[in-house]
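The listed protein sequences correspond, in order, to chains F and H.
As numbered in the working numbering, residues 1 to 131 make up the first sequence, in order.
As numbered in the working numbering, residues 1001 to 1367 make up the second sequence, in order.
Think of the hints as simulated: they come from the structure by calculation, not from any bench.
Only a predicted model underlies this, so the values are computations on that prediction, with no experimental measurement involved.
There may be inaccurate statements among the hints.
In silico SDA-like cross-links for lysine to any residue, where the CA-CA straight-line distance does not exceed 20 Å [claimed, not checked]:
| # | chain 1 | residue 1 | chain 2 | residue 2 |
| --- | --- | --- | --- | --- |
| 1 | F | 63 | H | 1038 |
| 2 | F | 63 | H | 1018 |
| 3 | H | 1020 | F | 127 |
| 4 | F | 63 | H | 1063 |
| 5 | H | 1020 | F | 96 |
| 6 | H | 1020 | F | 36 |
| 7 | F | 63 | H | 1023 |
| 8 | F | 63 | H | 1304 |
| 9 | F | 63 | H | 1324 |
| 10 | H | 1353 | H | 1304 |
| 11 | H | 1264 | H | 1063 |
| 12 | F | 63 | H | 1264 |
| 13 | F | 11 | H | 1304 |
| 14 | F | 63 | H | 1348 |
| 15 | H | 1020 | F | 2 |
| 16 | F | 63 | H | 1021 |
| 17 | F | 63 | H | 1287 |
| 18 | F | 63 | H | 1022 |
| 19 | F | 11 | F | 126 |
| 20 | H | 1020 | H | 1041 |
| 21 | F | 11 | H | 1287 |
| 22 | F | 63 | H | 1242 |
Some chain H residues flagged as far from chain F (calculated, every beta-carbon gap over 12 Å) [unchecked claim]:
| # | residue |
| --- | --- |
| 23 | 1171 |
| 24 | 1227 |
| 25 | 1306 |
No residue lacks a Cβ here, since even glycine has one placed at the ideal position from N, Cα and C.
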Amino acid sequence: MEFPDDLRYTKEHEWARRENGRVRVGITDYAQDALGDVVYVDLPEVGARVRANEPLGEVESTKSVSDVYSPITGTILERNAALEDRPELVNAQPYGDGWLVVIQPDDPSELDGLLDAGGYRAFVEAGGQEG
Amino acid sequence: MEPILRRTPLEDEHVALGAKLGPFAGWSMPIEYAGVLAEHRAVRERVGLFDLTHLGKVEVVGPGALELLQGVVTNDVARIDVGQAQYNLVLNEGGGVIEDLIVYRLGPERFFVVPNAANAERVLQILAEAPAERLVHLMYHQDWCFLAVQGPRSTAIVVEVFPEAAGLAFMRCAESEFRRRPVIVTRSGYTGEVGFELFTYQDVAVELWRTLLEAVRASDGDPCGLAARDILRLEMGYPLYGQDLFESSTALEAGLGWAVDLDKGEFRGRAALLRQLEEGLPSRLRGLRMHERRHIPRAHYPVFLGDQLIGEVTSGTFSPLLHTGIALAYLWPADVVDVGDEVEVDIRGRRGKATVVRTPFVDRSPR
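Please construct the entire structure, taking both the sequences and the accompanying hints into account.
Next comes the structure, spelled out in structure tokens:
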């Protein structure tokens, strides 16, 4: 299982990457493995407002549907249109071509409150669940 | 406290293959290996190997065996010859479905019954308590395993190991052996593809699994888990016990009247089914095909006709073959809609349009 060092992580198993003041968001390798084969991804429209720790969309696998929580408050700048035809990219490249959205954050420093790679790895190894 | 799960003799094989094991009906079973979609595709296009050891295996033997079964199951077991298999139901007095199972006739007075994992003990008890004038011997084969080879390339693989399988027609069975152990070989399955099911002693399970897996791999096939099997069966519209079949709905409501012979004589639940035929069915299990890919129905989602609540989904999934959501749902009353009508499924607060369709959802056949 991969935990790239340049990312921040939520306890809901999303990742966030800083890119020139913007934030790219996806679900983690652990999350895609737990979900199984993804068959549909529901993402917000460009321009939509999203809030930290609130659902921004859904990822649906052959077995179940899961909310995707926004790691940060801001405005949707991009959504990954490739996932409409190829939702399996979320499984194949969760940190690459399987990204979900790019967000213009209201306050980029909000990311500092998230887990770093070491913290997230420890969280996953402890079971990956709060409480 | 974690429940203690029963283990298949093939658990080490599954773990070595990278399977995800999970609880199913009191057993720890392989849910998936390489991935559900890849496994589904292997079975539809090539071949897949399943460990189904959790299913029950009961032999009913003796001069009273036929009479005993006739009073318990819904179909006319007297109609099947030695070497044939038949789909059957066990009902409660109200006609509700306690169990669906296949009965294999291995000899004039020798039958083999395969109940669902969760029901094996209950079926055994029903058989043990059923009245029989003549001697019947019940054998609960807890020391047996159950493997299935399913898919268009399965015949060559199985015939290579079990020559008796050559020429076996759908729902026929034969007896063979493997490493001097008896094996029951059947042309049957739960996937909608040509396939075989194999029953034998657990002490040869690992060797049989490895032999079959090597042949399956050589045919570009894969080991497959219960998650892929669930999608395969749902694409065929096969109801699943505990999910689509339960005691509060009758065999007729479940659309399984074809597995019930009301003329064969008395059996449990018969009177209630006759009454229901007279009074009309309160509900009917139907196939629903969603219009949009993004609408994937799941168990317990409500079904609407306009503002009217008319039903509930009992099984739903994304069909990899159709690229759309499919579901089995009880709709009430039974004649509220016809095939071809449009209904809506409430998907977590959003309405998704669906058409009532005949099953199977996909154009496949196990014959």
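Of all the hints numbered above, which does this structure not satisfy? Sort the numbers upward. Hints 4, 5, 8, 12, 13, 21 and 24 are the ones this structure does not satisfy, whereas the remaining hints hold.
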